[in-house]
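Please build the complete structure, drawing on both the sequences and the hints.
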Amino acid sequence: MLDILAIIAPLFVAMAAGFVAVRMGAYNKADIRVLGRFVIQLALPALLFKALSERSFGEIINLDYLGAYALGSLITFAIAAAGARFLKGVSRPALGLIALGASTSNSGFIGFPLVVQFLGPKATIAIALCMLVENLVMMPLGIALAESSHQDGHSRIRTLLTLFSGLLRNPLIIAILAGFTCSLLQIHFPAPVTRVIDMFALASGAVALFVIGGTLVGLRPGGDLPRVLWVCSGKLIIHPLAVTAMMMLFAPIDPVLRTAGIVVASVPMLSIFPILAQKYDEQSWCASGLLIATIASFATLTIVMWMTGAP
Numbered sequence: 001m002l003d004i005l006a007i008i009a010p011l012f013v014a015m016a017a018g019f020v021a022v023r024m025g026a027y028n029k030a031d032i033r034v035l036g037r038f039v040i041q042l043a044l045p046a047l048l049f050k051a052l053s054e055r056s057f058g059e060i061i062n063l064d065y066l067g068a069y070a071l072g073s074l075i076t077f078a079i080a081a082a083g084a085r086f087l088k089g090v091s092r093p094a095l096g097l098i099a100l101g102a103s104t105s106n107s108g109f110i111g112f113p114l115v116v117q118f119l120g121p122k123a124t125i126a127i128a129l130c131m132l133v134e135n136l137v138m139m140p141l142g143i144a145l146a147e148s149s150h151q152d153g154h155s156r157i158r159t160l161l162t163l164f165s166g167l168l169r170n171p172l173i174i175a176i177l178a179g180f181t182c183s184l185l186q187i188h189f190p191a192p193v194t195r196v197i198d199m200f201a202l203a204s205g206a207v208a209l210f211v212i213g214g215t216l217v218g219l220r221p222g223g224d225l226p227r228v229l230w231v232c233s234g235k236l237i238i239h240p241l242a243v244t245a246m247m248m249l250f251a252p253i254d255p256v257l258r259t260a261g262i263v264v265a266s267v268p269m270l271s272i273f274p275i276l277a278q279k280y281d282e283q284s285w286c287a288s289g290l291l292i293a294t295i296a297s298f299a300t301l302t303i304v305m306w307m308t309g310a311p
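Per this note's numbering, the sequence shown starts with residue 1, numbered consecutively.
Please note: incorrect hints may appear among the correct ones.
Stated by the list, open to error - Label-pair ranges, simulated between beta-carbon atoms:
1) Phe86 <-> Ile61: 35 to 41 Å
2) Phe86 <-> Leu185: 47 to 53 Å
3) Arg158 <-> Ala16: 38 to 44 Å
4) Met1 <-> Gly67: 30 to 36 Å
5) Val20 <-> Pro190: 40 to 46 Å
Keep in mind the hints are simulated off the structure, nothing from the lab.
Glycine residues also receive a C-beta, built at the ideal position from the N, C-alpha and C atoms.
In structure tokens, the structure reads:
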């Protein structure tokens, strides 16, 4: 247990540093947004590209793992949506947001530095595959459910096409696809180019955690407590259990990937959760959910990592 705490505590200290820095005025929210763009558009894509391009294609295309993580996430989505129907006054947008929040992890900002510290560089493959599921399956599904009460069929199709178009321009998705391509074609870059990629890749972990802490400053918690508790329970309990069950069902899966998938499923929901909710005026309880899930995840992640253990 002490070994687990030695891994997870520094990550939460880095998040706390970001929170304190913004709270004390050393950085403002605009600075945090710039740092966030640096992580999402440059540092993390560099790391994902490096991890994928340096390995054989057979090693990184693991359909069992993809299927297990996708099915676990879809099961969580369905359970969260079904359970939300029993909550009082839940609109269709709120239903979609609850399902999305429960089934989509913050893989980039929290999942990546956590699993790499816990399991080593090979776990970066798991992060890349999780991101494909989250961005190409779970996000469109959640947005489609949230939009279903506001639009007719043609409008929903346009919304999804716009969403997919944006995702295909996402630097993270581009980096993953480029990494797959270089691995498949066995393309190798000169040492100076590789060193530049390495420099940006090494910057991603600490900055990502700092950004998460800074993002939590200024959230306006509030709203319906049952919704908050349900989405947090879905994210921190149901999602890890569903992914664990699917990993066992799809065995044998590489032990490192299996553990990484379970840990990624255990991290809080994506940091833009309240931002997505603003369009539907549901941001208050979403902010509460993000804040509570992030704080509570220190305990739940410690338990999950202790139970799974490093392979």
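Each hint, compared with the structure:
Hint check: phenylalanine 86 to isoleucine 61, Cβ distance near 40 Å, so the stated range 35 to 41 Å holds. Taking the beta carbon of each, phenylalanine 86 and leucine 185 are about 51 Å apart, inside 47 to 53 Å as hinted. In this structure the hint that arginine 158 and alanine 16 lie 38 to 44 Å apart at CB holds, the actual value being about 42 Å. Distance hint check: the CB atoms of methionine 1 and glycine 67 are about 32 Å apart, consistent with the given range 30 to 36 Å.
Taken as a hint, the range 40 to 46 Å holds for the pair valine 20 and proline 190, whose Cβ atoms sit roughly 42 Å apart.
Taken one by one, the earlier hints all hold for this structure without exception.
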